Amino acid sequence: IAGITQAPTSQILAAGRRMTLRCTQDMRHNAMYWYRQDLGLGLRLIHYSNTAGTTGKGEVPDGYSVSRANTDDFPLTLASAVPSQTSVYFCASSEQGGDYNEQFFGPGTRLTVL
Amino acid sequence: SQQGEEDPQALSIQEGENATMNCSYKTSINNLQWYRQNSGRGLVHLILIRSNEREKHSGRLRVTLDTSKKSSSLLITASRAADTASYFCATPPSGSARQLTFGSGTQLTVLP
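These protein sequence lines map, in sequence, to chains A and B.
Here this note's numbering is used: position 22 in the first sequence is 22, and no number is missing along the way.
Here this note's numbering is used: position 5 in the second sequence is 5, and no number is missing along the way.
Any given hint could be a false lead.
[To be verified] Result set (SDA-like, lysine to any residue): computed pairs, CA atoms no more than 25 Å apart in a straight line:
id, chain 1, residue 1, chain 2, residue 2
1, B, 56, A, 96
2, A, 57, A, 78
3, A, 57, B, 31
4, B, 69, A, 100
5, B, 70, B, 15
6, B, 70, A, 44
7, B, 26, A, 39
8, B, 70, A, 40
9, B, 26, A, 44
10, B, 70, A, 59
11, A, 57, B, 5
12, B, 26, A, 101
13, B, 26, A, 60
14, A, 57, B, 28
15, B, 56, A, 95
16, B, 70, B, 111
17, A, 57, B, 44
18, B, 69, A, 41
19, B, 26, B, 46
20, B, 26, A, 59
21, B, 56, B, 13
22, B, 56, B, 69
23, B, 69, A, 98
24, B, 56, A, 100
25, B, 69, B, 55
26, B, 56, B, 15
27, B, 69, B, 20
28, B, 26, A, 102
29, A, 57, A, 19
30, B, 70, A, 100
31, B, 56, B, 5
32, A, 57, B, 104
33, B, 26, A, 100
34, B, 56, B, 20
35, B, 56, A, 98
36, A, 57, B, 27
37, B, 56, A, 102
38, B, 70, B, 57
39, B, 56, A, 101
40, B, 70, B, 28
Just so you know, these hints were derived from the structure itself, not from any lab.
Being a predicted model, the structure only gives us computed values, none of them experimental.
Looking at chain B on its own, in the form it has when it is part of the complex:
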């Protein structure tokens, strides 16, 4: 069952602009991860944020987590054409398996 869901499904921006993607999930979580997938490639881990953290930074990436709203956002600042990719949030599903489930992703296109 899908726990996290990204929004929007697709986003197109100009190089240099900021890109914001959102993830909503259904049940309580211990942490949330964001991954990137370039076309035709495997996923690459970007960042993990724990449930007791509200914000985390990694280079041009900023992730926020609002456990009261069951949502997270990924902000990419000063975007580049190389940031063109699909971005997925991953959360553990409800139940005891504690394996990650991935949303269907946001397709980001950064135009030069």
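Isolated chain A (complex conformation):
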């Protein structure tokens, strides 16, 4: 593989269920990010990680958690999904954290919470 992969591609989920979105990169980038994209709102940062073992909250972190056990993987977990979490989720990575670095994006996961 090359770049960033996300799984699943799409998912329909009942409200209240737990769901983990997977993200893997093979570029050995230090920083990784999770965004959600809603129509008319652009991308909003959920959580980020500047290096393995550390994470930080973005603009809309409530209802989501992340972990960064190693460099390559950055899973996003919805502990108890709600309909307002219906969105397209993008994972991204960059060589380093901060705003000078180009971000590389995965293909996205389309999540519908009913």
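Chain A is fixed; fit chain B onto it per the hints.
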């Protein structure tokens, strides 16, 4: 909080014409990035312009930055149908996190 905002929200032009999109932001920045998103795909980085640069070129793309007006523009010359996409500017928000924030984008349609 949204730092950058693109204008117009939507733009439709004929193939071969130039397309100009604008981005306005609220607070001082060190740099500004432009990204493209084709329908149903992830974003792709186009260009980064630093605060001490006024203009930057990459192929058919020309980006300008006016820090006094807190605005940037993206010009695509001699547009092609394949340029049809959404275009986003990305800037670091105010505060110390220094993570990028994205505007809501300009949807560009290039008609053949």
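Hints, verified against the model:
1. 56/B <-> 96/A: Distance of about 23 Å is within 25 Å: holds.
2. 57/A <-> 78/A: 14 Å, holds
3. 57/A <-> 31/B: Roughly 22 Å separates the two Cα atoms, so the pair holds.
4. 69/B <-> 100/A: 21 Å, holds
5. 70/B <-> 15/B: 30 Å, violated
6. 70/B <-> 44/A: With a Cα-Cα distance of about 21 Å, the restraint between residue 70/B and residue 44/A holds, given a limit of 25 Å.
7. 26/B <-> 39/A: 22 Å, holds
8. 70/B <-> 40/A: Roughly 22 Å separates the two Cα atoms, so the pair holds.
9. 26/B <-> 44/A: At roughly 17 Å apart (the allowed maximum being 25 Å), residue 44/A and residue 26/B satisfy the hint.
10. 70/B <-> 59/A: 22 Å, holds
11. 57/A <-> 5/B: Holds. Residue 57/A to residue 5/B sits at ~22 Å (cutoff 25 Å).
12. 26/B <-> 101/A: 21 Å, holds
13. 26/B <-> 60/A: Roughly 20 Å between the alpha carbons, so the hint for residue 26/B and residue 60/A holds.
14. 57/A <-> 28/B: Holds, at about 22 Å.
15. 56/B <-> 95/A: 22 Å, holds
16. 70/B <-> 111/B: 31 Å, violated
17. 57/A <-> 44/B: Satisfied, since the Cα-Cα distance of roughly 23 Å is no more than 25 Å.
18. 69/B <-> 41/A: Roughly 24 Å between the alpha carbons, so the hint for residue 69/B and residue 41/A holds.
19. 26/B <-> 46/B: Given pair residue 26/B, residue 46/B holds - Cα atoms ~22 Å apart, limit 25 Å.
20. 26/B <-> 59/A: Since the Cα atoms of residue 26/B and residue 59/A sit roughly 17 Å apart, the hinted pair holds (cutoff 25 Å).
21. 56/B <-> 13/B: 23 Å, holds
22. 56/B <-> 69/B: Judged against 25 Å, a Cα distance of about 17 Å means the pair holds.
23. 69/B <-> 98/A: 24 Å, holds
24. 56/B <-> 100/A: 16 Å, holds
25. 69/B <-> 55/B: Distance of about 14 Å is within 25 Å: holds.
26. 56/B <-> 15/B: 23 Å, holds
27. 69/B <-> 20/B: 17 Å, holds
28. 26/B <-> 102/A: 21 Å, holds
29. 57/A <-> 19/A: 19 Å, holds
30. 70/B <-> 100/A: Judged against 25 Å, a Cα distance of about 18 Å means the pair holds.
31. 56/B <-> 5/B: Judged against 25 Å, a Cα distance of about 20 Å means the pair holds.
32. 57/A <-> 104/B: Between residue 57/A and residue 104/B the Cα gap is close to 21 Å, so the pair holds against 25 Å.
33. 26/B <-> 100/A: 18 Å, holds
34. 56/B <-> 20/B: Holds, at roughly 14 Å.
35. 56/B <-> 98/A: Holds, at roughly 21 Å.
36. 57/A <-> 27/B: 21 Å, holds
37. 56/B <-> 102/A: 16 Å, holds
38. 70/B <-> 57/B: Cα-Cα ~19 Å, so holds.
39. 56/B <-> 101/A: 17 Å, holds
40. 70/B <-> 28/B: Status holds; Cα separation ~8 Å.
The structure shown violates the earlier hints numbered 5, 16.
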